[in-house]
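> Please build the complete structure, drawing on both the sequences and the hints.
This is what each chain is made of:
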Amino acid sequence: MSIKIKTLDLKKRMQSALQGGGAKAIEKQVAMGKMTARERIISLLDPNSFHEYDLFVEHAAKDFDMDKKHLPGDGVITGTGTINGFPVCIYAQDFTVAGGSLGLMHARKITKIMDHAMNLKIPIIGINDSGGARIQEGVNSLAGYGEIFYRNTRASGVIPQISVILGPCAGGAVYSPALTDFVFVVDKISKMFITGPEVIKSVLGEEISMEELGGARVHSEITGNAHFFSESETECFEKIKKLVTYIPWNNQKKADPFPKKAPKTKQFKIDKIIPTDPREPYDVRDVIRSISDDSDFFEVQELFAANMVVGFGRLNGQTIGFVANQPMVLAGVLDVDSSDKAARFIRYCDSFNIPLVTLVDLPGYLPGIDQEHAGVIRHGAKILYSYSEATVPKITVILRKAYGGGYIAMCSRHLRADFVFAWPTAEIAVMGPEGAANIIFRHEIMNAEKPEEVRKKKVAEYKKKFANPYVAAAHGYIDAVIEPSETRRFVNHALEISAQKKELVPEKKHGIPPF
Amino acid sequence: MKKSKGNNKNNIKLIVDDVVYNTQVNKAFLKRKPYEPLNPKQVTSFMPGNIQEVFVEEGTRVTEGEKLCILEAMKMKNIIMAPMDGVVKKMNVKVGDKVPKNYVLAELK
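Chains as they are written, first to last, in the numbering used here: chain A, 1334 to 1848; chain B, 69 to 177.
Think of the hints as simulated: they come from the structure by calculation, not from any bench. Treat the hints with care, as some may be off.
[Stated by the list, open to error] As a list, the in silico DSS-like pairs of lysine-lysine whose alpha-carbon atoms are at most 27 Å apart: (1) K1575(A) x K1454(A); (2) K1521(A) x K95(B); (3) K1534(A) x K101(B); (4) K1605(A) x K1454(A); (5) K1790(A) x K81(B); (6) K166(B) x K1534(A); (7) K1798(A) x K1605(A); (8) K95(B) x K1534(A); (9) K81(B) x K1797(A); (10) K1521(A) x K99(B); (11) K1586(A) x K1572(A); (12) K1789(A) x K143(B); (13) K1534(A) x K169(B); (14) K1586(A) x K1574(A); (15) K143(B) x K1534(A); (16) K143(B) x K177(B); (17) K1534(A) x K81(B); (18) K81(B) x K1605(A); (19) K143(B) x K1401(A); (20) K1783(A) x K1797(A); (21) K145(B) x K1534(A); (22) K1587(A) x K1796(A); (23) K81(B) x K1796(A); (24) K143(B) x K1572(A).
[Unchecked claim] Facing chain A, from chain B, some residues (calculated, C-beta under 8 Å): (25) L82; (26) L98; (27) Y103; (28) L106; (29) K109; (30) F114; (31) K145.
Yeah, the Cβ is synthetic: ideal placement off N, Cα and C, and Gly gets one too.
Written out as structure tokens, the structure reads:
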């Protein structure tokens, strides 16, 4: 046989494999408003950069007549490619092939590409669209999931791991995304849950749609399982492309620098954003945009626990992780969800050498029975743990109020912030003036002829004396009181001089964070 | 959140340490369930399931640890026992009922 005929044979085989589940199944996929697995990879990666491997992998199942079935690629497409020139390993489950169900060889393809990613020290992106375990393969499909989870955990903090949920992802399958760094979901397409509506109906008699149970909105707003919400697959891919510009290839590297660019000061006037009355709200993201390069801010978990804002931006052209209290929502308090959100983001940045800039304006922890019973002690501790643990440069700017436990938690000097700056509007105190005065002067107020008047007087006295940054400055707890307009200059300088920071941590296997 | 659309229905006053803050609420905050104190005389389902057998009826005198019913859940036959000595004031389930989590199965007195 000539090489030509052999090549033709190869082409024929490839063509057949590239069909996936065939025209009918593809039609169904498109009717659901979804792209096919291969289309997804191609629209996410740079043109012509995708190189596919394991196209001819066949499943090895014998039971239930599986030996008579041919599943092209065993329902998953794997390979490598680039995004904006940034190398990545990628896999996409193909719902058109046996519902993207996970059998042994399907899992082996995934673990193989994950192993590549770990060895090559480049990110791994997983596109999930699967009906779940391939029941016919029995315990082998469970083994497959387990092997994936193990690798997800081993790779955590070593290489960036991105999960994209573009279809169902149910039962055990949800734990791979849960173990990865960032989860992307798309409205009306992504569905994640442990037990589906069917099971819930049979056990409880309660009816709920997949969308209400575990749709994209639910995971973006309520559970916090998802980090990025998009209206369409195309928008989702644009977000992934943007995200990879902020992060390094692996934990030994820094994110690629960008050209320095001044913020859009006409649009975001740093002097005009915050009301001086600490009880009035504003959008803290405007403060971030008033100092970040090109006023760029790429928010993570925008819809979840919005009382805390986290996300990426750049200063001096270098990627920064911003963590900020959001006075616009729940007065910016710390609670169970916002602590979880911030703690995880802080640990992400620390793992991947991204300096942290923290903007503080909060009244403290959210009071309430539901919070206490939901474990705000344990969850709130996470934020202390992750700030204390982080060894990347940590810069804190106290914008306005920083009361009580909230002051300590938000990357105070005491948790080893490298630099703490405060605006003249800052109020660093053990608690809000009203509460403090009510406690300290309780007897005076109670015994007064006109208690209300005395209370007001005492609150005013307390405010004058303590509701400012100068008491903390007198103790050296903050490094400088700065004008708002000087924030960028101070923070940029602080980052520049902490570029070589190396902090030694006590030798240990790992800590025991308050999970 | 594209832009806060100025819809004021989510605006609230939040009090922390006697200070009143003007702010908005999020979905999770709105979904909070009010606290209900535990009532030791109520026997509740610890997980959703089916009632497979009922051993007592209203007026039955029971001692602590006595079987009240069997709640089949997660492929297990879970024995629901009386938490204290007493008399069954009300039995809220019968064989075949599907119950959600924390459903009051029986009340004792």
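> Measure nothing beyond the straight line between the CA atoms of K95(B) and K1534(A); if it is 27 Å or shorter, mark the hint as holding.
holds (25 Å)
> Measure nothing beyond the straight line between the CA atoms of K1586(A) and K1574(A); if it is 27 Å or shorter, mark the hint as holding.
Status holds; Cα separation ~19 Å.
> Compare the distance between the alpha carbons of K81(B) and K1797(A) with 27 Å, and conclude whether the hinted pair is satisfied.
holds (24 Å)
> Hint validation: K109(B) versus chain A, beta carbon distance must be below 8 Å. Holds or violated?
With a closest approach of 21 Å, the K109(B) hint is violated.
> Given the hinted pair K143(B) and K177(B), is their Cα-Cα distance within 27 Å?
violated (31 Å)
> Would the pair K143(B) and K1534(A) pass a check requiring their Cα atoms to be no farther apart than 27 Å?
Judged against 27 Å, a Cα distance of about 16 Å means the pair holds.
> Would you check the hint for K1521(A) and K99(B), treating anything up to 27 Å between C-alpha atoms as holding?
The given pair, whose Cα atoms are some 22 Å apart, holds under the 27 Å limit.
> Starting from K1798(A), check that the Cα of K1605(A) is at most 27 Å away, please.
Satisfied, since the Cα-Cα distance of roughly 25 Å is no more than 27 Å.
> Can you confirm whether the C-alpha distance between K1790(A) and K81(B) stays at or below 27 Å?
Holds, because 23 Å separates the two Cα atoms, which is no more than 27 Å.
> Mind checking the CB of K145(B) against every CB in chain A and telling me if the closest is under 8 Å?
At 15 Å from the nearest chain A Cβ, K145(B) fails the 8 Å test, so the hint is violated.
> Against chain A, run the beta carbon of F114(B) and see if the smallest gap drops under 8 Å.
Since the shortest Cβ distance to chain A is 14 Å, the answer is violated.
> Is K81(B) within 27 Å of K1605(A), Cα to Cα?
Satisfied, since the Cα-Cα distance of roughly 23 Å is no more than 27 Å.
Checked against the numbered hints above, the structure breaks hints 4, 12, 16, 17, 19, 22, 24, 26, 28, 29, 30, 31 and satisfies the rest.
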